[in-house]
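J.: Kindly produce the complete structure, drawing on both the sequences and the hints.
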Amino acid sequence: MKHLRFTIYIFAACILSVIPRLAASTPTVTTVTVTIDATKTLRVIPRAAYSLNAFHAFDPAVATNPDYQAAIAYLNPGMIRYHSTALVADSTKNPRGWLNHETRAWDVEKIRRATAAWPASTPKLFTIPRPPVWMMTDPATRLVAGDQLDAYASLCADLVRILNRDLKLGITHWETLNEPELTYVRPLRKKDQPDQFRTVIDLHNRAAAAMKLADPTIQVGGPAVSSAAWTEIVNRFSRGARDHLDFFSCHNYGSGNIADTDDKIYNAAQAFGPKLRRVREILTANIPTRRVPIYFDEFNIKWTWKPVEPRMTTHKGAVFDALALISAVSEDIDGTFAWNDVDNVYGKYSRKYEPRPSAHLYHHLNARFIGDSLSVTSSDEKAVVPFAVRQPSTGLRALMLVNRTDEPRDVSIASDKWIPMADRVEISATGTRSPPPPPPPLPESLTLPPHSVTLLLETSTTTTQLTHSHQP
Numbered sequence: 457m458k459h460l461r462f463t464i465y466i467f468a469a470c471i472l473s474v475i476p477r478l479a480a481s482t483p484t485v486t487t488v489t490v491t492i493d494a495t496k497t498l499r500v501i502p503r504a505a506y507s508l509n510a511f512h513a514f515d516p517a518v519a520t521n522p523d524y525q526a527a528i529a530y531l532n533p534g535m536i537r538y539h540s541t542a543l544v545a546d547s548t549k550n551p552r553g554w555l556n557h558e559t560r561a562w563d564v565e566k567i568r569r570a571t572a573a574w575p576a577s578t579p580k581l582f583t584i585p586r587p588p589v590w591m592m593t594d595p596a597t598r599l600v601a602g603d604q605l606d607a608y609a610s611l612c613a614d615l616v617r618i619l620n621r622d623l624k625l626g627i628t629h630w631e632t633l634n635e636p637e638l639t640y641v642r643p644l645r646k647k648d649q650p651d652q653f654r655t656v657i658d659l660h661n662r663a664a665a666a667m668k669l670a671d672p673t674i675q676v677g678g679p680a681v682s683s684a685a686w687t688e689i690v691n692r693f694s695r696g697a698r699d700h701l702d703f704f705s706c707h708n709y710g711s712g713n714i715a716d717t718d719d720k721i722y723n724a725a726q727a728f729g730p731k732l733r734r735v736r737e738i739l740t741a742n743i744p745t746r747r748v749p750i751y752f753d754e755f756n757i758k759w760t761w762k763p764v765e766p767r768m769t770t771h772k773g774a775v776f777d778a779l780a781l782i783s784a785v786s787e788d789i790d791g792t793f794a795w796n797d798v799d800n801v802y803g804k805y806s807r808k809y810e811p812r813p814s815a816h817l818y819h820h821l822n823a824r825f826i827g828d829s830l831s832v833t834s835s836d837e838k839a840v841v842p843f844a845v846r847q848p849s850t851g852l853r854a855l856m857l858v859n860r861t862d863e864p865r866d867v868s869i870a871s872d873k874w875i876p877m878a879d880r881v882e883i884s885a886t887g888t889r890s891p892p893p894p895p896p897p898l899p900e901s902l903t904l905p906p907h908s909v910t911l912l913l914e915t916s917t918t919t920t921q922l923t924h925s926h927q928p
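Per my numbering: the sequence shown ends with 928, consecutive numbering throughout.
For the record, the hints were derived by calculation from the structure and aren't laboratory data.
Treat the numbers as computed from the prediction; the structure is a model and nothing was measured.
Just so you know, not all the hints are guaranteed correct.
Pair ranges (Cβ atoms, derived) [unchecked claim]: (1) Y530 with A561: 32 to 40 Å; (2) V485 with A596: 53 to 61 Å; (3) R642 with T489: 42 to 50 Å.
In silico BS3-like pairs for lysine-lysine, Cα to Cα no more than 27 Å straight-line [stated by the list, open to error]: (4) K762 with K646; (5) K838 with K496; (6) K549 with K762; (7) K731 with K496; (8) K668 with K624; (9) K731 with K646; (10) K668 with K566; (11) K566 with K624; (12) K762 with K647; (13) K838 with K731; (14) K731 with K762; (15) K720 with K731; (16) K808 with K549; (17) K720 with K838; (18) K720 with K762; (19) K808 with K566; (20) K549 with K566; (21) K668 with K720.
Ideal placement from N, C-alpha and C gives every residue a C-beta, glycine not left out.
T.: Here it is as structure tokens:
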């Protein structure tokens, strides 16, 4: 018996020693209160709010691929920006090149094959990225020769005629250049040389005038500046091009370093909105007689593709996109465009046409988050970021909850009238899933997984007066 009692004591001591460690390993769930005022609208979220860059659509082999077409249809962008710097590469050597370098003219037959598969009803923004190599003073610097400005304008106008007059694509929006300050400003300043941004403005103004002669109905804008935070470029371009500026376009990426923490890249995503607000202020000051639309037409986590940033293709990329979009579309802008459609580094789809987590996010945003944004706040914006929209045509509402932390979070939803029953979509480390809604009575709170996006999509406009906080 003494031996048995001793054994029991030892066993009990072992159990007691394990309990604190078990408790320590259990994730702490912190409750965040999300407060919704469904009667207060903030701004109209436009149809182009969650748009897309089509990087591979210039290649007829890709554009005509049914898997590619199905991917674009699933994303359902409100607008598509057709952009690749390879556009001005030799059409006989580069799959995305549209210029025949021997004839120095657009390859009409290749263009016809590619564009025949483009979605006809989706509004389009087309980017002509830069002058071709034979118009440059030196291919290494990519600076346009001084006697080639009108030649570039004519080349741009020729493409407008081909796409809109001959092929009847009806492309409404055109950019004359892409990130020109990375050629005409930054490298020259690094060499202590004066920049040539005046040439950028001259190129744009001449091209815009020529393009509008080819099709007076189009909108011409730019300069697709590489960073919305580069206010000097925003100011100089909007002043110099004001008479030929139908819209302003800008880009931003969150990081250039794959070692940056999740928290750092999430903060960068949420900083896009304030940068765009400053762009709006500059445009208003420089062009006070009219409102100039703003297109935030390129963004993702990392601005350099080597080394590859793996988070862009995971659930953390979906969290980044959600935070970036909430921040951007809450400002006075007209559209955002994700970079990009299909590739193995940035794409919402892989080159094998496998959807990444962000593909599912974009699908649901374009289906349910266009309309009137509603007043919604979080008791801890560093943990859970909310966004709510009501569709004017149906009255249906949708709520997005972004957990940007590495811990699960309980969310208590406070509202006098909200969603009695909703479809639920959850994007997290376990994948994208649609858990069935719980039967009534609904639970007091909803648990969000770490690094996740949860969408609650109202299925009925019938509301219930709530006496306590509950899960939609």
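J.: Taking the hints in turn, state whether each one holds.
T.: Consistency of the hints with the structure:
Checked against the given bound of 32 to 40 Å, the beta carbons of Y530 and A561, roughly 36 Å apart, stay inside it. The supplied range of 53 to 61 Å is met by V485 and A596, whose beta-carbon atoms lie about 57 Å from each other. Hint check: R642 to T489, Cβ distance near 45 Å, so the stated range 42 to 50 Å holds. Restraint check: the Cα-Cα separation between K762 and K646 comes to about 22 Å, which is no more than 27 Å; the hinted pair holds.
Distance restraint check for K838 and K496: the Cα-Cα separation of roughly 23 Å lies within the 27 Å cut-off, and the hinted pair is therefore satisfied. Between K549 and K762 the CA atoms are separated by roughly 24 Å; this keeps the pair inside 27 Å, and the hint holds. Distance check on the hinted pair: K731 and K496 sit about 25 Å apart at the alpha-carbon level, within 27 Å; holds. The straight-line distance between the Cα atoms of K668 and K624 is roughly 16 Å, inside the 27 Å bound, and the hint therefore holds.
Proposed proximity of K731 and K646 is supported: the alpha carbons are some 25 Å apart, at most 27 Å. Between the alpha carbons of K668 and K566 the distance comes to roughly 24 Å, so the proposed pair stays at or under 27 Å and holds. For the hint pairing K566 with K624, the CA-to-CA distance comes to about 16 Å; that is within 27 Å, so the pair holds. Proposed proximity of K762 and K647 is supported: the alpha carbons are some 25 Å apart, at most 27 Å.
The straight-line distance between the Cα atoms of K838 and K731 is roughly 19 Å, inside the 27 Å bound, and the hint therefore holds. Distance restraint check for K731 and K762: the Cα-Cα separation of roughly 26 Å lies within the 27 Å cut-off, and the hinted pair is therefore satisfied. Restraint check: the Cα-Cα separation between K720 and K731 comes to about 16 Å, which is no more than 27 Å; the hinted pair holds. Between K808 and K549, the direct Cα distance comes to roughly 23 Å. Compliance with the 27 Å bound is thereby established for this hinted pair.
Between K720 and K838 the alpha-carbon distance is near 12 Å, which keeps this suggested pair within the 27 Å criterion. For a cut-off of 27 Å, the pair hint linking K720 to K762 stands: about 19 Å separates their Cα positions. Taken as a hint, the K808 and K566 pair is honoured in the structure, with Cα atoms around 23 Å apart against an allowance of 27 Å. This hinted pair checks out: K549 and K566 have alpha carbons roughly 12 Å apart, not beyond 27 Å.
A hinted pair counts as satisfied when its Cα atoms are at most 27 Å apart, and K668 with K720 does not qualify at roughly 43 Å.
The structure fails to meet hint 21 from the earlier list, while all remaining hints are met.
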